Structures are given as structure tokens and as C-alpha cells.
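Residue numbers (this note's numbering), protein chains in the order written: chain V, 1 to 579; chain L, 1 to 189.
Rather than coming from a laboratory, the hints here were simulated on the basis of the structure.
Predicted, not measured: the structure shown is a model, and the values here were computed from it.
Fair warning: there could be bad hints in the mix.
Below, in silico cross-link-like pairs of lysine to any residue (SDA-like), each with a Cα-Cα straight-line distance of 20 Å or less [as the list claims (entries may be wrong)]:
#, chain 1, residue 1, chain 2, residue 2
1, L, K142, V, A555
2, V, K263, V, S352
3, V, K566, V, I330
4, L, K108, V, A532
5, V, K524, L, K87
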Amino acid sequence: MKQLMIGNKAVARGLYEGGIKFVSSYPGTPSTEITEFLAKYDDVKSEWAPNEKVALEAAFGASLAGARSACAMKHVGLNVAADPLFTLSYTGVNAGMVICVADDPAMHSSQNEQDSRHYAIAAKVPMLEPSDSKEAYEFAKSAFELSEKFDTAVLLRMCTRVAHSQSVVDTADRAEIPNKPYVKDGAKYIMMPANAIKRHVVVEERMKALREYAETCPFNRVEMGGTEIGIITSGTSYQYVKEVFGDTVSVLKIGMPNPLPEKLILDFAKKVKTLYVIEELEPIIETHCRNLGLNPIGKEKFSILGEFSQQTISAAFNLPEKPTVKADTIAPARPPMMCAGCPHRGIYYVLSKNKITVLGDIGCYTLGAQPPLSAVDYTLCMGASVSGIHGFLKASENGAEKRTVAVIGDSTFMHSGITGLVNVAYNGSNSTVIILDNSITGMTGHQQNPTTGYNIKGDPAGKVDLEALCRAIGIRRVRVVDPYDLKACETAVKEELEADEPSVIISRRPCVLLKYVKTAPALKVDKEKCRACKKCMTLGCPAVSFKDGKAHIDATLCVGCEVCSKLCPFGAIVKGGTL
Amino acid sequence: MTTNIMIVGVGGQGSLLASKLLGAVLLSEGYDVKVSEVHGMSQRGGSVETYVRFGEKVYSPIITQGEADYILSFEKLEAARWAAYLKQGGEIIVNTQEIDPMPVIIGKAEYPSSILTELKAKGVNIEAIDALSAAEQAGSVKAVNVVLLARLAKRFAIPYGKWIEAIENTVAPKFLEMNKKAFEIGYNL
């Protein structure tokens, strides 16, 4: 049946039809929906893992047991899962295994712009790269066969534009693949030196076989269109090239970026007068061409930064620009921000007001860095708030422990904050760690995690007791506050900063966007009482603005959390807002 | 020939539903369709853009400057922000609702209220409608997306019933009547 699907749904459908039985992932934009869609199939065991390393290892366990398996993650997630990946290359698999990784050129929702193809090359694992949903579906489906044929996990590289663009997919039925038997095979699966030395030889032989396969595999194809211009391209760049040139230039479309073919590229280069390589991010294909003695036009014309479009291609080929109309007035920027009623706002207000140094982490609460709160000092990667504050305080010589905290979300704490907190307790720094527990994985669109008590299907599941966990780690001072209660937050922060031992404050209130959270009616400003002190404006709430010399509350946005009314010195913010 | 539609607005206004309905209808009409969505960080109250392209064969999932036949804007300022994406002779359909962005809220910038007049003066085709009131009339301010979609739907020679069918196949039963009403109100504005 023909359907419109985002690339991630198409990957899920392809894996499903390919006989997947187990998937374990950690959410991360732009990869999240792969696992969410797989979870809709009852015959696939689907899970959110605490982090990507656990997810990849769980998927490997399933493959070892004989079931086709997968995991999915964003590009930086593969950093976390890199440890098992590199040795998984040595062991190979039992049943087919697919590792989906989604890059984010232009960093729509990421902290860096790394290119996952480097991992495929470094770990010596084959990689497929679709350019739209149809290919995402087809490649995901055939990845299992490729995996079993060459006895290796297969990386499936997505990027934001393929992952989150819908295009037409014609689906089929699921293949019922019986489990392979598990047979004990220490020489293959126990990677201690004597075995690993022999397995490295296997890895190199496999790469040689894969390079030969790349010459004729169905993932790479030539579309001849004259001999003047030849373009080697892959992924979403292929679509932009076709958009601009249609069939008027020759294209070598690479669907398997690792390993890259040699003869196929050399033959293509021979047929055209000028050779271009058009690829987003790193010059992987270009470097390969240079190693083959070719001299294509690549990164000199097509940036290493950001993502491309048909405009990028047109501009590089000096094609005429399309006429546009612009307003003379410049539209003020509209950056993302914490929602009205966001539970993170209260605690950030207290931290900002007291000029606390805040070592931040990855999640919605990174938005606390935006003005007017401007409450965050750094954001590096998952878990780095808790690990970072320890080193920061160990090295500081001016009493920083009395004015520094780490903030980390519930899901991020499960992902990689726990080990940092173990370090705080073990190596003894006087750190104050605030767990922003909004009872969900927020930024990626509401995924359950080990602290929520529900699994990916929304069924009751094991629930980590955060307070007990922190105490078991060795933190004696653990307390819970409601972030809507500004006074309680301020007292807690001041007391824990003052204390001469490490502490954890759990700022607990569910995300206001969760369906089960009942919001209150909108508030309004009593214009008589408002003295225009603008104190409410320091919260940075999207519902509160200033109109005609007085505070104003947008009733379509306000959820009645009353944090602003608690802050108002004149009692001017009251119930009864109307549209 | 490919037709290009941009749906722009503020994260959380429901552009994903509008593009989903639009995509479903266009696919059922036999077109090749591509839709590029925004997920993740931008959805948190930021400026968001969705691209919908249809025709016999569509390659790129995105729309660049000077290419959009229609810009369907859920918020006034956003129409102006994306105006450069409009093709010559294209049309902007805009909700007159104003949502202050953070620089305006904190007093670092002014909301440019006259920005549509400025664009009109430059010869841009603009249909400005109060979709918020229409949505309220239908029963929920959240139906702004469907009201606006209905305005766009009027531009195509696609039967009314096809749109209603798409709504019935997409929207949860609880919100179905409200959304159908919002579409009807928008269509007949």
C-alpha cells in the first residue's frame, strides 16, 4: 500500500518487514521516531534503554540469541555506544543487526555536527545511506540480509532531512524469520587477545569482500546524463542535485558510503569531463576519490558546514537566483524557549536571581540559558553537568562550592549522570546537584524512561527511586522541592550550597505538556494594581508580556501555574483570564 | 510542475497536523508528495517551518527562497519572516494573531505590527484572516491550524469531501467534530 511516511517511519517499516524481533534505543532527535514506530508493532519487543551503549549491547545480545535486532540513536549517541561498536566489528553477529544513526547537519537540535561516516570507517563496519523514505524503507529491509551475509552489524545513516521528510513508500508484508540457534563459539565471541588477534584478520578479510561487493551492490547506481558534468553524491544531497539538474548531468549515487567502491568511481570519472563530489559535512567521498588519484571539485565549492539545499547547488554552479520580495523591517528572532508553565522555570529563576554558576546538561532545560534567565554557564554532552561540577569544585580556589550547582534532567541523569554522582560521592567534592525531574524525556517529544514507571508502550514498568538511588550512592543530603514553590526552591538551594557535604535537590513536577497534567485556567493582570515594575517579566514566560505600559497575560498560552503571581509584589496577577 | 507550500508558525501551533492532512489529500489525488517537518528543539515556542511539495515527480523535500507558491502562516510576524521564500506571484495566507517572541517580551525589540502592510505595498498577495476567532467559534483555539488549512484548500480543485475524509482518517475521535467544524468555518470565511 502506498503511504506518505517520514524517513524514520520508513526505516521502522523496513526493519519490521525484514523480520526484526527486538529493538532497544535511547531517544535523540532526529532518530527518535524509528523506535516509536517499531513499538507500535506487537511482534517486535521494543524498549527505551537508559543510554545508547546499553541499547546497542542489548540489541547485540538479541542478535547473539538468534533474533534480528536493531538500535537507533542520534549521531552523538553513537559516541556513547562507540565502545561496543568497535569490538562488535570483531565478533560479528549471529542474526542480522542494524544500528541506525541519525546525523544532524545544521544542528537543528544538536550540540555538534559530527559525521557518523567516520565511525563506519574507523570501526570497519558497512554503512548504508538512504536519500528519501522509499530508500530508507528498502535499505533498512535489506540491511538484515547484508548483515547476515557478511557477518557484521550494519550502520544505517540517516540525516535530519531524510529522517523527518515524508515521501511515498509502497509497503509489503513482514517476513517471518525463525530465530537462528545460539551456538557457543568462544573464538568468535570472547574478545580476549588470543581470539581478537585472529578476529582482526577476519575483519580485514570482510572489508576486502565488502569493497568488492560495493562495486556492484544495489545501493550504488549510475544515472548517465551527458558527459560534461559528473556528480558523485549521496543522501539528501542527491535529491538537491536532481532538483536542479534533473537528468541533464550524470550522477553516481552512493548508497553505501562504507566501504566505497573503487572501480565504479574510476569508471564514472573516466566518462565525464568535470567531476564533482557533493556531500554534506565531511569530505569522505572526496578524500576517497583523491586517494584514487582523482581531482574532483568538492569542498572548495560545497561547504563542510551546515546542510545543503537546491539553492546551494544552484549557487555553486552560478545558476540565476530566483527573485524574492523582502520586508524592510527586520523580523525579531523567535528562538525556542521553555513553555508557559514549564516546571524548570521556577528553579532557574531562583538560580538566576542568586547569580549561581550553573553547569548545565542536555534537554529542554538547556533553554534556561536563553535570556532573560540566562541561567546556564555551560552545556557539553549528556551527563557532563554532574561530572563537570566535581572537577570544577576540586580545582576552584575561591569557595565556588557556595555558589555553583549542576542541573540535569531525570532521563539524562539515568543516561549518564549516575556515574558522575558516584564520582562526587567517592572522590568527595562538595557538589550540589539539582535533578530536574519532570517525569519524562522532554525535548525529544515525551519518551518514558526508567524514572517514570512506564515502558515504551505506556505499560507499568520498573521505576527507579531517585532519592533511594542517590542515598545508596553515598549522598546523605537528598531533598525534594516543587519548582512552582519559589520560596521552597530558594531555601533548598541556599541550604544545600551552605552545607559542607555533597547534596542532591530533586526539583520535581511533571512536564506541563504531559496529557495527564491538569492545567489551571489562565491568569490575568489587574491593571489597577500593576505598577509596571516588570518583575514578572524576569521569568521569561512566553505568556507574560508588556502592553500599553502594564503587564499583560496571553490567555491562549497561560496555564495558570501561578509562578508569576507569587513573584508579583502588588498582587496584581489574579485568576480569571479570558481570551 | 511542482507546487510548493510552506506552513510557518510558532512551535506548538499544530503545523504537523496541517501538513499531515495536506499530504494525505495530495497523495490520494495521485501526486508525488514530499513534506519536510520540524521536530525537536525548535518545537519549543521557536519559529517553525514545514515544506509541502507536490507534482508529478518531486526530488528535494525543502523549499528555498523565491520558490513558494503559497505561504500558510499561523502567526503574523512569521509570515514576514518567511516572505522571501515566496515565488513572484505567490500568495501569503496569514492568521492575524500576534504571538510575541522572547526579544519582544523582554523589551529588546518591538513587534513589527505594520509588517504586512509593508509587504502588501511591495505588491505581495496577502489574505489576512482572524483564524483564532474562527477556531474559538469551532470550539477550541487549538483549531487555528485546521481553519488555515481550509483557506488553503479553497485554492485547489480538490473536492471538499476529500479534506473531510482526511480529517476523519487522521484526527482522534474526541476532537473530530470540532476539527470538521473548524474546517467548515475556515472554508466558508
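Evaluated hints:
no., hint, in the structure
1, L:K142 / V:A555, "holds (13 Å)"
2, V:K263 / V:S352, "violated (61 Å)"
3, V:K566 / V:I330, "violated (36 Å)"
4, L:K108 / V:A532, "holds (17 Å)"
5, V:K524 / L:K87, "violated (42 Å)"
Checked against the numbered hints above, the structure violates hints 2, 3, 5; every other hint is satisfied.
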